[in-house]
Amino acid sequence: MGSVSNTDQMVGILRDTVVAMVRRDGPDLSARQLGVFLTCYMQDGAHTVRGLAQELNVSKPAITRALDRLGELDLARRKVDPMDRRSVLVQRTMKGNAFLRDLRSIMAEAAAPQRRGSNEGRRVANG
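If you count by full-length UniProt numbering, then the sequence shown holds residues 1 to 127, one letter each, in order.
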């Protein structure tokens, strides 16, 4: 019996997570929108359009389009930086926090069968 690599397990978890997100009645985000969302919610500190563009290595207009969609869904909001009115800060929202909780839950469910399979494989090998 062949073992599944850790990378294959992670890709399987990603696939199962994306499929579960597509099937539910929640927001449908592109990969770029999800990348911007996760960067804002998973990394501490203030986020700006300029900083997100540098971090994700994409143009500022691409970040702006992603934030437009996240704003429409109330997953993030933009606010002019009071210290530098040329800069725009990205803020988290309650709905965005709830979406992240749901995403974590979906990923945990997707990972559970992967972990069980991994543990069973170890038991057989050590058996």
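Don't read these hints as lab results, they were simulated from the structure. Values in this document were obtained by computation on a predicted structure and should not be read as measured data. Yeah, the Cβ is synthetic: ideal placement off N, Cα and C, and Gly gets one too. Honestly, I wouldn't trust all of these hints.
Estimated spans, in silico, between C-beta atoms of each pair [as the list claims (entries may be wrong)]: (1) Ala112 to Gln91: 16 to 24 Å; (2) Glu109 to Arg50: 35 to 43 Å; (3) Asp44 to Pro113: 17 to 25 Å; (4) Ser5 to Arg86: 17 to 25 Å; (5) Lys79 to Pro113: 38 to 46 Å; (6) Asp84 to Val18: 20 to 28 Å; (7) Asn6 to Glu109: 13 to 21 Å; (8) Arg24 to Leu56: 22 to 30 Å.
| task | Sort out which numbered hints this structure fails and list those numbers smallest first. | result | Hint check: 1, 3, 4, 6 fail, others pass.
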